[in-house]
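Chemist: Which chain is which? The protein sequence lines are A and B, in order. The opening position of the first sequence corresponds to residue 1 in this note's numbering, with each subsequent residue numbered one higher. The opening position of the second sequence corresponds to residue 1 in this note's numbering, with each subsequent residue numbered one higher.
Fair warning: there could be bad hints in the mix.
[As the list claims (entries may be wrong)] A partial selection of chain B residues facing chain A, derived with a Cβ cut-off under 7 Å:
id	residue
1	Lys-39
2	Gly-56
3	Thr-68
4	Asn-100
5	Ser-101
6	Ala-144
7	Leu-260
8	Ala-263
9	Gln-285
[Unchecked claim] Distance condition first, Cα-Cα at most 25 Å in a straight line; then the derived DMTMM-like pairs of lysine to aspartate or glutamate:
id	chain 1	residue 1	chain 2	residue 2
10	A	Lys-302	B	Asp-53
11	A	Lys-302	B	Asp-59
12	B	Lys-32	A	Asp-67
13	B	Lys-384	B	Asp-160
14	B	Lys-302	A	Asp-59
15	A	Lys-32	B	Asp-67
16	B	Lys-32	A	Asp-64
17	B	Lys-27	B	Asp-361
18	B	Lys-302	A	Asp-53
19	A	Lys-32	B	Asp-64
These aren't lab readings, by the way, just hints derived from the structure by calculation. Where a beta carbon is used, it is the ideal one built from N, C-alpha and C, also for glycine.
Number of protein chains: 2
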Amino acid sequence: MSTFQSLSAADAASLSQQLQARYDAFKARGLKLDMTRGKPSSAQLDLASAMLDLPGAGDFTAADGTDTRNYGGVDGLPEMKVIVAALLETDPANVIVGGNSSLQMMHDTIVRALLHGVPDGTGPWSRGAVKFLCPSPGYDRHFAICEHFGIEMIVVDMDDNGPDLAQVQKLVAADAAIKGMWCVPKYSNPTGITYSDEVVRALASMKTAAPDFRIFWDNAYVVHDLFDTTDPLLNILRVAAEAGHPNRPLVFASTSKISLAGAGIAAMAASSANVADARRHIGIQTIGPDKVNQLRHIRFFKDLAGIRAHMARHAALLRPKFEAVDRVFTQELGGKGIATWTKPRGGYFVSLDTLDGCAADVVRLADAAGVRLTGAGATYPRQKDPRDRNLRMAPSLPPADQVALAMEVVAVCVQLASLRALAK
Amino acid sequence: MSTFQSLSAADAASLSQQLQARYDAFKARGLKLDMTRGKPSSAQLDLASAMLDLPGAGDFTAADGTDTRNYGGVDGLPEMKVIVAALLETDPANVIVGGNSSLQMMHDTIVRALLHGVPDGTGPWSRGAVKFLCPSPGYDRHFAICEHFGIEMIVVDMDDNGPDLAQVQKLVAADAAIKGMWCVPKYSNPTGITYSDEVVRALASMKTAAPDFRIFWDNAYVVHDLFDTTDPLLNILRVAAEAGHPNRPLVFASTSKISLAGAGIAAMAASSANVADARRHIGIQTIGPDKVNQLRHIRFFKDLAGIRAHMARHAALLRPKFEAVDRVFTQELGGKGIATWTKPRGGYFVSLDTLDGCAADVVRLADAAGVRLTGAGATYPRQKDPRDRNLRMAPSLPPADQVALAMEVVAVCVQLASLRALAK
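Working from the sequences, and respecting the hints, build out all of it.
Modeler: Pasting the structure below:
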C-alpha cells in the first residue's frame with residue numbers, strides 16, 4: 001500500500017469515494033459508540049464484587065487496634081500505609097493515605113502550596129506568578145487544575161521516553177516561576193509510554209531556578225500492566241533523594257482502577273519533610289479519611305501480591321480491547337503515512353496522531369457517524385493542540401467487538417480527513 | 001448550702017481540707033479517665049454494625065441506574081440528596097453530597113472563597129484582610145481553620161439563645177472585612193443550646209457591610225436529640241431567602257455521629273447560586289465522592305424516618321451519661337456560686353463555667369488526679385478564654401459510671417480551685 005501522499009489525483013478521488021461509501025454505510029447503521037470514557041468496565045468492577053460486603057459485620061478493628069468506625073487517623077491506617085508503601089516502593093512513614101480521589105490529593109497539594117507554600121520555598125506560591133510544565137499530550141484533569149488556579153501552563157513535548165528533556169531542563173533552569181510539572185510516568189495518559197531511567201534521573205537531578213520546584217508524579221497506572229511483564233520505572237523518590245532533591249517529587253496513586261473507581265483509596269508518597277508539611281495542613285482540613293474503606297481494601301487485597309494477582313485479572317479483560325485497537329489501526333491505517341498510534345503495555349489509553357490539522361475533523365466525522373471521541377485538543381492545556389493531530393482512545397469500557405467497530409469508523413474518518421487535508 | 005463567697009475564713013479552711021482529702025483519695029486510686037473525646041462510644045457504633053456488610057455483593061446500582069462502583073457523580077447520588085434534603089429541610093437540588101467529612105467541606109469552602117471568591121463578592125477573599133465572627137465558646141476545629149489561613153477571629157459572646165445579637169449586628173454592619181461567621185445552631189458545641197427563632201431571623205436578615213458575607217451553619221447535631229422532643233430550629237435557608245439574602249447561609253452536616261464517625265457521609269446545602277459555584281470548583285478537585293458508601297447509607301437508613309429511629313437508639317445510650325454529668329454537678333456544685341453548667345437536650349457536650357480564672361487550674365488538678373479534660377481555652381479562638389472559665393465535658397465515649405466518677409473528680413477540682421481563687 002502506498003502512502004496517501006503519493007496517490008495520484010485520480011486514485012485519491014476513487015479512494016475518497018470508497019471511503020465515503022463505507023462512512024455512509026456506518027452512518028446508516030445508527031451506531032452509538034463511546035470511546036471517551038477512561039473507566040473500568042462492569043466486568044472489571046465485578047472482579048471486586050466481594051468488596052461490597054466487606055469488611056463484614058463485627059470486623060472493624062485494624063491490626064494496630066484502631067476501631068476503624070470511629071474518628072481519627074488523619075493520614076491512614078498503618079496497615080494501609082504498608083500496602084501503599086510496597087506499591088510505591090517507599091517507607092510507610094513516607095505515605096499519606098487519603099480519601100477516594102488522588103486527583104483531590106493533587107488539587108489540595110497545589111492549594112496548600114498556593115496558600116502556604118512548601119518546604120524549601122519562601123512562602124505562598126500565590127504571591128507571585130506560578131507556571132507549570134505540562135508534558136503534552138497529557139491528562140486533561142491535571143491541566144484543568146492549573147487553568148482553574150490561573151497557573152500558566154507551558155507545553156513540553158512528549159516522546160517515547162517521556163517529556164523532552166532538553167526543553168524541560170532549559171525551561172526550569174531559566175525561570176523561578178516554574179514551580180511544578182505534571183508527570184504520568186508509567187503508561188502515560190494518553191500515550192501509554194513509560195519514562196526511561198535516563199528521563200527519571202534527569203528530572204530528579206536537574207537544576208531548577210525555583211528552590212521549591214515540585215514534580216507531581218501521578219503514578220496512576222503503577223500496576224496497570226496489560227501483559228505479564230511490566231514496564232520498569234525508576235523510583236523517583238529514591239533517585240531524587242540521591243541527587244540531593246528529596247523534596248522535589250510528590251508521588252500520587254489510587255486504587256480507583258484497581259478496586260472500585262468510585263470507592264477506591266488514594267494516597268501520596270513523598271519525603272519526610274513533604275509528608276510532615278502535608279499532614280499539618282490535612283489535620284486542619286479533616287479529622288481523617290474513611291478508615292472502614294481502608295480496612296475493606298486490606299481485607300480484600302491483603303498485600304501487594306494480592307493487588308498484582310487482581311490486576312492480572314483486569315489485564316485479561318483489557319488486553320483484547322487494546323489488541324482490537326491496534327489490529328484495526330494496523331489494518332486500516334498502516335503504511336499510509338497518515339497516522340501513528342501507540343501500542344501501550346499498560347494503562348487506559350491509546351494515543352493516535354493524525355496528519356496536522358486533522359484531529360478536530362476526525363472527531364466531527366466520527367461523531368456524525370455515531371462514534372463519540374474525546375474532543376480534539378483535550379490532551380493539551382486549554383484544549384489547544386497546536387498541531388490539531390492528537391486523539392485519545394479509551395477502549396476499556398465498551399466490549400471488544402464494539403471497540404473494534406468504533407476503531408474501524410475512526411480509521412475511515414482519519415482517512416477521509418487526511419485526503420481532504422492533503423487535497424488542500 | 002451557702003455560697004463559697006459567703007464562707008467564713010475558718011469554714012473555707014475546713015472545707016478546703018475536706019476537699020483536699022477527697023482529691024488525694026481520688027489521686028491514690030490511679031484513675032485514667034478521659035473526658036476530652038467527642039466521639040461516639042463502641043455501643044453507639046455497634047448500632048450501625050449492619051453497615052459493615054452493606055451494600056452487599058451484587059448490590060451496586062442506585063435508583064437512577066448509576067453504577068455506584070464506577071467514576072462520576074461529582075455532587076452525590078440523587079437518592080442520597082433526597083435524604084440529605086429532608087434532613088436539612090431543603091430541595092435536593094440545593095444539596096451537594098461530599099466525602100466523609102463535613103469539616104473538609106467547610107475548610108474547602110473557605111479555601112475556594114480565599115482563592116476565587118463567592119457569589120455576590122468581588123473576587124478572592126485573600127486579596128484583602130478577612131475576619132470571621134467566632135461565637136464562643138465554640139468548636140475548636142472551626143477556629144483552627146481560621147487560624148490556619150490567617151483569618152482574624154472576633155470573639156462574640158454566646159448566650160442561651162445563640163450569639164449575642166447586638167454584638168454581631170454592630171460588627172458586621174461596620175466592617176466589610178468580616179466575611180463570615182461560624183455557627184453550630186443546634187445543640188451548640190459546646191454549650192448545647194439551640195439558636196432561638198429571633199436569633200436565626202436576625203442573622204439571616206441583618207445588614208452586613210460585606211455583600212458576600214457568609215454564615216457557616218454547621219448543623220452537626222441536626223437530629224442528635226437526647227430526648228423524645230427536639231429543640232426546634234428555624235430553617236435559615238428559607239428565612240435568609242425570604243429576607244433577600246439567599247446566598248448568605250451555607251449549611252453543613254454529616255452522618256459521622258449518625259452512622260459511623262470514620263466512614264460517614266458529609267453534605268452541604270445552600271442557595272442555587274452557591275451550589276452551582278461550589279460544584280464548579282469541586283468538579284476540578286475530584287471526579288466524585290464515594291458513591292458506594294452513599295448507597296450503603298441509603299440501604300441502611302432508607303429515609304429520614306430511618307435516621308430518626310436510629311438516633312433514638314443513640315439517645316438511649318447517651319442520655320444516662322448526660323444525666324450523670326448533671327446529677328453529679330448538681331449534687332457537688334449546686335448552690336455554691338462557683339459554677340454554672342449547661343443541660344443540653346442534644347449534641348455531644350456539656351459546657352461548664354467556673355469562676356473567672358479557674359478553668360486552667362481545674363484542668364491541671366483533674367489531670368494530676370487521672371482525669372483528662374479538654375484544655376482550658378480550647379473552646380475559644382487561639383485557645384484563649386479571656387475569662388479562663390469555660391470547660392468542655394465530652395461524656396459520650398466512657399461508660400456512664402466512669403462519666404459520673406470523672407465528674408465527681410472534676411467537681412472536687414472546681415471547688416478546690418474556687419476556694420484558692422476566692423482566697424486571693
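Chemist: Each hint should be assessed against the structure and marked as holding or not.
Modeler: Hints, one by one, checked against the model:
no.	hint	in the structure
1	Lys-39	holds, 5 Å
2	Gly-56	holds, 5 Å
3	Thr-68	holds, 6 Å
4	Asn-100	holds, 5 Å
5	Ser-101	holds, 4 Å
6	Ala-144	holds, 6 Å
7	Leu-260	holds, 4 Å
8	Ala-263	holds, 4 Å
9	Gln-285	holds, 4 Å
10	Lys-302(A) <-> Asp-53(B)	holds, 18 Å
11	Lys-302(A) <-> Asp-59(B)	holds, 23 Å
12	Lys-32(B) <-> Asp-67(A)	holds, 20 Å
13	Lys-384(B) <-> Asp-160(B)	holds, 21 Å
14	Lys-302(B) <-> Asp-59(A)	holds, 23 Å
15	Lys-32(A) <-> Asp-67(B)	holds, 20 Å
16	Lys-32(B) <-> Asp-64(A)	holds, 21 Å
17	Lys-27(B) <-> Asp-361(B)	holds, 16 Å
18	Lys-302(B) <-> Asp-53(A)	holds, 18 Å
19	Lys-32(A) <-> Asp-64(B)	holds, 21 Å
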